[in-house]
Amino acid sequence: MIFPESNERRKKLGQAIMFGIARGISYGIVGLLLLILFFIAKQGMGVVNWQYLTSMPTDGMTKGGIYPAIVGTLYLVGGSMLFAFPVGVMAGIYVNEYAKEGALKRFVKTMTNNLAGVPSIIFGLFGMALFVNQMGFGASIIAGSLTLGLLALPIVIRTTEESLKSVDDTFRQASYALGASKLYTIRKVVLPIALPNILTGLILAVGRVSGETAPILFTVAAYFLPKLPSSIMDQCMALPYHLYVISTSGTQIEASRPMAYGTAFVLVAIVLIVNIIAALLRNYFGKKVKMN
Amino acid sequence: MSNKIETIDAHLYYGDFHALKGITLGIKENAVTALIGPSGCGKTSYLRLFNRMNDLIPYTQISGQVLLDGQNIYQIKPAEIDSLRRNVGMVFQNPNPFPKSIFENVAYGLRVNGIKDKSLIEAQVEKTLQQAALWDEVKDKLNQSAFELSGGQQQRLCIARALAIEPTILLMDEPASALDPISTGKIEDLIFELKNQFTIVIVTHNMQQAGRVSDYTGFFYLGQLIEYGKTRKIFTNPTKQETENYITGRFG
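Protein chains in written order, with the numbering used here: chain Y, 1 to 292; chain W, 1001 to 1252.
Think of the hints as simulated: they come from the structure by calculation, not from any bench.
It is possible that part of the hints are untrue.
To give an idea of the interface, some chain Y residues facing chain W are shown, with a C-beta separation under 7 Å as derived from the structure [said to hold, decoys possible]:
| no. | residue |
| --- | --- |
| 1 | T170 |
| 2 | A180 |
| 3 | I193 |
Below, in silico cross-link-like pairs of lysine-lysine (DSSO-like), each with a Cα-Cα straight-line distance of 27 Å or less [said to hold, decoys possible]:
| no. | chain 1 | residue 1 | chain 2 | residue 2 |
| --- | --- | --- | --- | --- |
| 4 | W | K1127 | W | K1139 |
| 5 | W | K1118 | W | K1141 |
| 6 | W | K1077 | Y | K188 |
| 7 | W | K1077 | Y | K182 |
| 8 | W | K1127 | W | K1116 |
| 9 | Y | K188 | W | K1118 |
| 10 | Y | K63 | Y | K227 |
| 11 | W | K1127 | Y | K188 |
| 12 | W | K1139 | Y | K188 |
| 13 | W | K1028 | W | K1077 |
| 14 | Y | K188 | W | K1141 |
| 15 | Y | K188 | W | K1116 |
| 16 | W | K1230 | W | K1186 |
| 17 | Y | K100 | W | K1077 |
| 18 | W | K1116 | W | K1141 |
| 19 | Y | K182 | Y | K100 |
| 20 | W | K1195 | W | K1127 |
| 21 | W | K1141 | W | K1186 |
| 22 | W | K1021 | W | K1077 |
| 23 | W | K1186 | W | K1233 |
| 24 | Y | K109 | Y | K165 |
| 25 | Y | K109 | Y | K182 |
| 26 | Y | K182 | W | K1118 |
| 27 | W | K1021 | W | K1240 |
| 28 | Y | K63 | Y | K42 |
| 29 | Y | K182 | W | K1116 |
| 30 | W | K1230 | W | K1028 |
| 31 | Y | K100 | Y | K165 |
| 32 | Y | K105 | Y | K182 |
| 33 | Y | K105 | Y | K165 |
Think of the CB as a built atom: it goes at the ideal place given N, C-alpha and C, for glycine as much as any other residue.
Chain Y on its own, in the form it takes in the complex (with noise of 0.2 Å):
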């Protein structure tokens, strides 16, 4: 052998530390996560029971159950949606599919990615300005719903987006090649291939708004309202707002401490339900369009 053995060895040695400190972080930070999901799970089962999730709270937010908070977190995720998934997804096909190359599509492009870097309590005070007050919905469902849709509207459009410039050019040939028209191309033929990941969009932007508290502060939370919204234009509870409250600000800190672990661990779990059949709905989409 012309190379000397120590230089593999070296070589060897030098591998075998880079992958283990690789190998470390990443399961460290699996464990992080682990140990998060564990400690609320731990602290919040005792709590949450069939009467916590569908009773109103009682003495001072101190006692009874959460039943308001997560019926106004599920509007306003809903509603959210509701404005969101089509706005994005048609802005997405536009800066995709429709705009020439060039300034303003790098604007454009470049607005939606600073728009996603925007903190959200910004868009909470833009969400009071335009939609409570000059729009006149007051605080209410649906000004918190289109506050929180503004957000989750840069997630959607990139990923729509990313996941239309995914869908492989000569598909799209094949169909004018066949004389379809733009729109009939993007309709049958590049939206069913991409639709799999625009879904993975809407879940990540579920993810994001359902434990979103800043957007929602000014907008549509009720610190304590012991009754549910009968329209979209009142007020309503949400779970990460109740949380905020009810570890912060209420009148006995102490005694609603296990009231908020049970409503973090609620809202964990509503957010891993939701990811869970959204994955779901994925694979059954993307089954389908491979069958179809």
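Mind docking chain W on chain Y? Use the hints.
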């Protein structure tokens, strides 16, 4: 035999790149014309003039005339491009069936063009799959995904997809370059069958293939048409030195 397609001094630019430098050529009706030449010589760009697929690439400029049945297809209204493409079918280098069922792949072009009658679509799908010599292999699994077919079957499916809307011209861009020899043989047999009904233009890198399937051959080099004539003449007794060098494998 008359010319189905004719180009007169056709130039094509991609931005600053002069891809086609004044091509004048007539493509004979109901015959197979092969376009050969080394990579980057302009043969695929030339093929894509005929169904205006080059239009999809930004910063493309075209001058000269491209006549199809005597009509300049670069002077038609934008709305007529779709009907032009209906008349000029295309098969691509890599098999690219849609992620749909075998049936839906062939039916796609019919649905694009507004045909809704179910029995009509079924009849046309069967007829076209038979034309593409694929019917016997797929007739029991029409509802299965096209991706479950082999590469060669997929390419014949793509040919069927193109034929379903009854074009008069079929453009083939290296249709067998991604296939094994047996699948390639089947495609070539198919081309031989189809040339009675269609005007076929095929781009190929494979000299033997050009020799086997085509009636006429055009040799492209650096964006120019160096030589054009009957395939037998080009392969046995080319006029130009470049053509002979390329065919005998001395470059390219």
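Taking the earlier hints as the rules, which of them does this structure contradict? none
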